[in-house]
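Chemist: The residues making up each chain are set out below.
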Amino acid sequence: MNKKLSLLLFSGDYDKALVALILANTAAEADMDVSIFFAFWGLFILRDPDKISNDDKTTMEKMFGAMTPKGPEELPLSHMNFSGLGKKMLEAMMSDNEAPTLENFLNGVVKKGVKLYGCKLSVDIMGFKKEELLPQLEIIEAKDYLKDAASSDIQLFI
Amino acid sequence: MNKKLSLLLFSGDYDKALVALILANTAAEADMDVSIFFAFWGLFILRDPDKISNDDKTTMEKMFGAMTPKGPEELPLSHMNFSGLGKKMLEAMMSDNEAPTLENFLNGVVKKGVKLYGCKLSVDIMGFKKEELLPQLEIIEAKDYLKDAASSDIQLFI
Amino acid sequence: MNKKLSLLLFSGDYDKALVALILANTAAEADMDVSIFFAFWGLFILRDPDKISNDDKTTMEKMFGAMTPKGPEELPLSHMNFSGLGKKMLEAMMSDNEAPTLENFLNGVVKKGVKLYGCKLSVDIMGFKKEELLPQLEIIEAKDYLKDAASSDIQLFI
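Residue numbers (our numbering), protein chains in the order written: chain A, 1 to 158; chain B, 1 to 158; chain C, 1 to 158.
Worth flagging that the hints you see were computed from the coordinates, not collected in a lab. The beta carbon of each residue, even a glycine, is placed where N, CA and C say it ideally should be. A portion of the hints provided could be inaccurate.
No farther apart than 27 Å at their CA atoms in a straight line, the calculated lysine-lysine pairs in the DSS-like style are these [unchecked claim]: (1) B:3 with A:115; (2) A:130 with A:3; (3) B:143 with C:3; (4) B:4 with A:147; (5) B:70 with B:57; (6) A:4 with B:62.
Selected chain B positions facing chain A (in silico; Cβ < 8 Å) [to be verified]: (7) 1; (8) 15; (9) 156.
Non-contacting residues of chain A with respect to chain C, defined by C-beta distances greater than 10 Å in every case (computed) [to be verified]: (10) 29; (11) 30; (12) 96; (13) 137; (14) 141; (15) 151.
Here chain A stands alone, though its shape is the one from the complex (with noise of 0.2 Å):
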């Protein structure tokens, strides 16, 4: 039977998702059965910088929306951000040595088939709508993730 990871991405930091794809990836490849659990701030890199909208949103959702990272892109380093400039660095360094970046990489687990979960609560309180986010994902409740965690060989919190 094949091995099974399953990861909680909280965290909303460009390094820290990066990490967390890098090892669905790997995993993926290694033909393990991959799961992430998006939660918190690791909801932000599934935001879809061209499908923001307003519609149906109290006013504190949408400056807080408006306030927090649309998307891969826009999201900062969690050591040495410099406002923005480490994070140029580390793109640059990335480039160089011809490492995918955080995009790739998340393409490549749609590709691969790693199963895709975002935390309903977590999407509650943000005021995020289904359709702003990753078609990909899957939204459930905690006790659906424990589930899962519990049946994985490894579980990380990112």
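Model the placement of chains B and C on the given structure of chain A, informed by the hints.
Modeler: Leaving out everything else, chains B and C in the frame of chain A:
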């Protein structure tokens, strides 16, 4: 046999404490055995603001105790804190969605019998006295945490 | 058979490195098999400040190397760093309690035979040379980490 969840709460951030307590409550409701090991900054959420005492503390411990969050309400956000504005927005959005507060979730784990462990080394270094912390907390060593975690189906470091 | 602990140290924070090394030392003392996979910022703790070299590095790699922490003593705190003041307080409080330093704990894992792995992709992107890092470090790929983690009883992402 019941599945078992082991959380190590290291962070002193409001949102990370929230996700730890939501997972713990959800798991306990699903009849999982749950334990939380509070270490370092994770202990701040367990401080009772009405029971803080400076007896038998070094000057450094007093200063450290005064500069750090006293109980669940004073914890900052890990992202987008904006000197507290981001946190107020998040709390308002949680309230709009009738989500319980951090304190509700903390009361929930106590009522549901989640095992609450505090890291002895952290308590000693930070100079916290047992009477200043949540009464249900049991102080244990890192080796006891590892034994408990090794027998769990899910382990997360938050 | 011995229980097995697998840590992924991603963070470059002093306190998170400290908790990772405390857990690793404690587990090794309790006869667990222990491995640590150092990725991204987690590699900074393994830099030897006396062996930093700029040979064969791009301008970007030199700048990045100069701007980032060089060895265990230069890591900041994840919370309450206050430009280094919070860290000095924590170090003083650890010393008051006769707790070992971060360097002591690093020496401890080396002596106890904890397996120390470095992430190849991170080393390549950051432009670190093997000679600049702790000699006991073995450079491996993410898929090797996943294999090791999947056979462990506890996996934590720190």
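Chemist: Where does the structure disagree with the numbered hints, that is, which hint numbers, in rising order?
Modeler: 2, 6, 7, 10, 11, 12
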